[in-house]
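Protein sequences, first through last, are from chains A and B. Under the numbering used here, the first residue of the first sequence carries the number 402, and numbering increases by one thereafter. Under the numbering used here, the first residue of the second sequence carries the number -4, and numbering increases by one thereafter.
Mixed in with the good hints, there may be bad ones.
Said to hold, decoys possible - Here are some chain B residues pointing at chain A (derived, C-beta under 8 Å):
1. Ser5
2. Val7
3. Lys9
4. Ile34
5. Thr35
6. Asp41
7. Ile80
8. Tyr84
9. Ile123
Everything labelled a hint here was simulated from the structure, so no lab data went into it. Quick caveat: nothing in here was measured; it's all calculated off a predicted structure. Just so you know, even glycine gets a beta-carbon here, dropped at the ideal spot from N, CA and C.
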Amino acid sequence: MQFGILINEGPYNHQASDSAYLFARTAIEKGHKVPRVFFYHDGVNNSTNKSEPPQDDRNVTQRWSKLAEEHGIDLVVCVAAALRRGIKDDILAPGFRISGLGQLVEMGIQYDRLVTFGD
Amino acid sequence: MSDMDMDDGSGVVKKFMFLNRKAPHGTVYALEGLEVVLITAAFDQDVSLVFTDDGVYQLMKGMDTKGIEVKDFSKTYRALEGYDIEKLYVDSTSLKARGLTEEDLIVDVTVLSDDEMKNLMAEQDVVISF
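Whole structure, please, built from the sequences with the hints as guidance.
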């Protein structure tokens, strides 16, 4: 099955991105596909290479980058939500790209399931 | 009529339901959620909008945001018809719990019981909740 994932909350403050990551990793392990993850609202804050959590904590952004590289996941950050929050191309972590909301709608149209993580 | 017509090339039309659960102000969900609704309509999808829980406040008449110095986007709900978004549903229980009736809302809506709402949700291909 193909899963699209929508993340609506930023890292650390909220568990949404962690839960989405665990969901995506597990779905892939079980043989499903996660072609794209879309970051919206404060979820766009998951995408920057500026985040430096303490060493004994998980690095939310880096593990998305790693999962994306290993499994060819398209990490898409909403342009309007990103600009509002000061996120631009030059501070994106590896694997992330900025694009429009059409990329979210496409997931709904093309994939078997669209799963939202947020409040 | 929409500002832009988009197409993912597949010609597939799915039933998209947008579940608005939050008050219009206090968080950004309602404002940014509306953007997704408009884009989905531009992709010629079958769009339904549901207002439930504090989301019913998004449609309240007499909105005035001057005091909190944020944009009043309630006009957008009136413009939805122009984007061919005509399926607006409000949860009856949420409305009653807040002492509101259809008369308090700025647009024409269909008020649904819990059972009717459950059935409508079951018909959808995609449910996005803000």
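The hint names Thr35/B as touching chain A; please verify it with the least Cβ-Cβ distance against 8 Å.
The hint holds - Thr35/B has a Cβ within 8 Å of chain A, the shortest such distance being about 5 Å.
Hint check, Ile34/B versus chain A [nearest Cβ-Cβ separation less than 8 Å]:
Status holds, d = 4 Å.
Using the nearest Cβ pair, does Ile123/B come within less than 8 Å of chain A?
Result: holds, 6 Å to nearest chain A Cβ.
Classify the hint on Lys9/B as holds or violated, based on whether any CB of chain A lies nearer than 8 Å to its CB.
6 Å, holds
Using the nearest Cβ pair, does Asp41/B come within less than 8 Å of chain A?
At about 11 Å, which exceeds the 8 Å cut-off, the nearest Cβ of chain A leaves the hint on Asp41/B violated.
Quick check on the hint: Ile80/B CB to chain A CB, less than 8 Å?
Given a least distance of 14 Å, the restraint on Ile80/B is violated.
Is the hint on Val7/B kept, meaning its closest Cβ partner in chain A is under 8 Å away?
Where the cut-off is 8 Å and the nearest Cβ of chain A is about 5 Å from Val7/B, the hint holds.
So, as I understand it, the hint says Tyr84/B touches chain A; can you test that by seeing if any CB pair is closer than 8 Å?
This hint is violated: Tyr84/B lies away from chain A, its Cβ roughly 19 Å from the closest one there, beyond 8 Å.
Per the CB criterion, is Ser5/B less than 8 Å away from chain A?
6 Å, holds
Figure legend: structure checked against the earlier numbered hints; hints not met, in rising order: 6, 7 and 8.
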